[in-house]
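Student: Start from chain A and add chain B with the ligands according to the hints.
2 protein chains.
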Amino acid sequence: MKLRISIFGVGLIGGSWALAMRHAGMTHEIIGCSRSENHLAEAKKLGVIDRYTLDPAEAVRDADVVILAVPLGAMQSVCKQIQAHLSPQAILTDVGSAKASVIEAVRQGLGEIPPRFVPGHPIAGTEKSGVSAAFDSLFDGRRVILTPLEHTDPSAVNRVRGLWELTGAQVELMAVEEHDQVLAATSHLPHILAFGLVDCLAGMREQEEIFRYAAGGFKDFTRIASSDPVMWRDICLANREAILKIMALYQKDLQQLTTAIEQGNGDELLGIFQRAKAARDRFCL
Amino acid sequence: MKLRISIFGVGLIGGSWALAMRHAGMTHEIIGCSRSENHLAEAKKLGVIDRYTLDPAEAVRDADVVILAVPLGAMQSVCKQIQAHLSPQAILTDVGSAKASVIEAVRQGLGEIPPRFVPGHPIAGTEKSGVSAAFDSLFDGRRVILTPLEHTDPSAVNRVRGLWELTGAQVELMAVEEHDQVLAATSHLPHILAFGLVDCLAGMREQEEIFRYAAGGFKDFTRIASSDPVMWRDICLANREAILKIMALYQKDLQQLTTAIEQGNGDELLGIFQRAKAARDRFCL
Ligand SMILES: NC(=O)c1ccc[n+]([C@@H]2O[C@H](COP(=O)([O-])OP(=O)(O)OC[C@H]3O[C@@H](n4cnc5c(N)ncnc54)[C@H](OP(=O)(O)O)[C@@H]3O)[C@@H](O)[C@H]2O)c1
Ligand SMILES: NC(=O)c1ccc[n+]([C@@H]2O[C@H](COP(=O)([O-])OP(=O)(O)OC[C@H]3O[C@@H](n4cnc5c(N)ncnc54)[C@H](OP(=O)(O)O)[C@@H]3O)[C@@H](O)[C@H]2O)c1
Numbered sequence: 001m002k003l004r005i006s007i008f009g010v011g012l013i014g015g016s017w018a019l020a021m022r023h024a025g026m027t028h029e030i031i032g033c034s035r036s037e038n039h040l041a042e043a044k045k046l047g048v049i050d051r052y053t054l055d056p057a058e059a060v061r062d063a064d065v066v067i068l069a070v071p072l073g074a075m076q077s078v079c080k081q082i083q084a085h086l087s088p089q090a091i092l093t094d095v096g097s098a099k100a101s102v103i104e105a106v107r108q109g110l111g112e113i114p115p116r117f118v119p120g121h122p123i124a125g126t127e128k129s130g131v132s133a134a135f136d137s138l139f140d141g142r143r144v145i146l147t148p149l150e151h152t153d154p155s156a157v158n159r160v161r162g163l164w165e166l167t168g169a170q171v172e173l174m175a176v177e178e179h180d181q182v183l184a185a186t187s188h189l190p191h192i193l194a195f196g197l198v199d200c201l202a203g204m205r206e207q208e209e210i211f212r213y214a215a216g217g218f219k220d221f222t223r224i225a226s227s228d229p230v231m232w233r234d235i236c237l238a239n240r241e242a243i244l245k246i247m248a249l250y251q252k253d254l255q256q257l258t259t260a261i262e263q264g265n266g267d268e269l270l271g272i273f274q275r276a277k278a279a280r281d282r283f284c285l
Numbered sequence: 001m002k003l004r005i006s007i008f009g010v011g012l013i014g015g016s017w018a019l020a021m022r023h024a025g026m027t028h029e030i031i032g033c034s035r036s037e038n039h040l041a042e043a044k045k046l047g048v049i050d051r052y053t054l055d056p057a058e059a060v061r062d063a064d065v066v067i068l069a070v071p072l073g074a075m076q077s078v079c080k081q082i083q084a085h086l087s088p089q090a091i092l093t094d095v096g097s098a099k100a101s102v103i104e105a106v107r108q109g110l111g112e113i114p115p116r117f118v119p120g121h122p123i124a125g126t127e128k129s130g131v132s133a134a135f136d137s138l139f140d141g142r143r144v145i146l147t148p149l150e151h152t153d154p155s156a157v158n159r160v161r162g163l164w165e166l167t168g169a170q171v172e173l174m175a176v177e178e179h180d181q182v183l184a185a186t187s188h189l190p191h192i193l194a195f196g197l198v199d200c201l202a203g204m205r206e207q208e209e210i211f212r213y214a215a216g217g218f219k220d221f222t223r224i225a226s227s228d229p230v231m232w233r234d235i236c237l238a239n240r241e242a243i244l245k246i247m248a249l250y251q252k253d254l255q256q257l258t259t260a261i262e263q264g265n266g267d268e269l270l271g272i273f274q275r276a277k278a279a280r281d282r283f284c285l
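Chains as they are written, first to last, in the UniProt record's numbering: chain A, 1 to 285; chain B, 1 to 285.
Isolated chain A (complex conformation) (with noise of 0.2 Å):
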């Protein structure tokens, strides 16, 4: 039987996931919606879908597996149009890179929480966005986290765990509460303190004279400073709850290390210091 995928926005995550699958050989076809033609047409030409409509109901009409890869400020409003549209009998996942927000997104567009949807969230992506930047391997040995709900369908979850694995992803269960916490920890607040740090020295008067001395620890710590601005404004509004509370601990961490500093305690900044080494060479390489 040959799935019918109808992926909602087709960028980074949404055409690597669609290349994947097309590289991992299954027969789906693939069907992109979203706002704009070009991107469809684009999206089409790179050999990423079939074939595109702008309708979202045409999209889920008799659709097997609808997957949400639009921001997160626009989850509700495509939840809204394919409402009338989804199958009871259709899968329907997404890529959200925050899941509490999501899955209110999609109580209130669709009315309801189906049975037959299951939140996922790939820990894969490039600080570009687009279907230019979509590449079939973005996902391979990379985790996929599921946080299904209590009243989720398994079989729905197994179908999606199943997808996910063609694209050499790891997939792993977890809750939704857990899934933003750990998140706001290693991804959203980092990419907070790197934006907030390229701007503070780009507001800095000798800004030109700055960056020209910055070596290659600037430009690695501050890569993700490069990412999509519109996705960070929507992640910080979306798991705003997670993310104040690492940053409240990290900012009294760092209240710590600056009164080290003051009073010149080098015991305690060594201390700090080799923990954070430690940790770092142990876990990350």
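No lab work stands behind these hints, which were simulated from the structure alone.
Honestly, I wouldn't trust all of these hints.
Intra- or inter-copy, both count: the list cannot distinguish identical chains.
[As the list claims (entries may be wrong)] Here are the simulated lysine-lysine pairs, PhoX-like style, with alpha carbons at most 20 Å apart:
1. K252 / K45
2. K80 / K2
3. K219 / K128
4. K128 / K252
5. K45 / K219
6. K277 / K128
Tutor: Okay, now just chain B with the ligands, sitting in the frame of chain A:
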């Protein structure tokens, strides 16, 4: 004439400098000096230095150029040890990451700041240390900042500039305070933020969990947290005032971001992220 060069501290920076000199085909004699015979013997075995001594007095005897490549915290004691033996003709220079503090250490250690002392700092490095991490192209295409004082002998500055240019580096002169402020912003602050972030996460209960979900962005962002804790403690102590100034500015910016997230102020977040992305893309690519 065969120049005699003495390197105090044949680690990542001192060792790479020696290798670059050799690579440039100079027929200097390079003498290494530090505390550990093991380290020095390794440096000789790796072909980084011609010979070594544990005796600072012997190391500087008849030296034409003396380069201090020891940790910031060791600069003063090394100067004390060579004080009675350094010829007034010898050129003295250093590679320390903060300049006002090295100048003060030289003043304390030698009892004066000799006119042929040329403070210097290569904007190059890796998160590794020790002579085994040294390589001859470390400075190639990178900037080196010299911060001569008013009474510094211009011919000494030119000699040091010429040696650095042999490594492929681009040499610039800068005022001491300007150097320390610029580096606090582009190098010292990012390192402190990265150490702080990893330590903050390592302190959380779900530690193992959390690092498992760290993606590429996190790894790049925190790579500098693998740097030598002792060196970074020294830098924090040595460049305290400039670091505290930029940390205060950054903490204000972070508070502004926190408030914007608290208030769900998407426009403000988007504005900050867009400015940061524009600056990052303009200056770092
Ligand atoms: N980038 C990452 O690192 C990353 C990682 C994991 C998860 N995610 C998540 O993946 C999702 C997509 O991110 P991305 O990086 O792939 O973004 P992207 O490359 O900008 O793609 C977003 C796509 O959504 C479409 N779109 C935007 N607004 C829409 C709307 N109102 N209705 C219908 N389509 C709309 C856009 O096409 P049109 O302009 O034609 O509408 C575009 O194709 C987000 O939810 C994000 O949180 C991103
Ligand atoms: N790494 C960077 O990214 C970077 C970049 C620019 C500038 N710098 C500056 O370069 C200098 C050296 O840094 P590095 O990264 O090359 O460090 P490193 O690889 O650890 O080398 C330091 C060397 O100094 C010697 N040393 C340490 N304490 C000493 C003492 N009390 N007396 C004599 N020798 C001593 C050590 O050898 P023994 O153990 O045998 O004594 C070692 O060979 C520092 O001032 C740093 O601020 C570093």
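Student: Against each hint, give a clear statement of whether it holds in the structure.
Tutor: Now the hints, each set against the structure:
For the identical chains of this complex, K252 and K45 are neighbours neither inside a copy (51 Å) nor across copies (47 Å), given an alpha-carbon limit of 20 Å. In this assembly of identical chains, the alpha carbons of K80 and K2 never lie at most 20 Å apart, being 27 Å within a copy and 81 Å across copies at closest. For a Cα distance limit of 20 Å, the shortest separation of K219 from K128 qualifies both inside one copy, at 16 Å, and across copies, at 17 Å. Taking CA atoms no more than 20 Å apart as the test, K128 paired with K252 passes in neither setting, with 32 Å inside one copy and 29 Å between copies.
Neither within a single protomer nor between protomers do K45 and K219 lie at most 20 Å apart by alpha-carbon distance, with minima of 34 Å and 34 Å respectively. Taking identical chains as interchangeable, the C-alpha atoms of K277 and K128 lie at most 20 Å apart only when they sit on different chains, with a minimum of 11 Å there against 29 Å within one chain.
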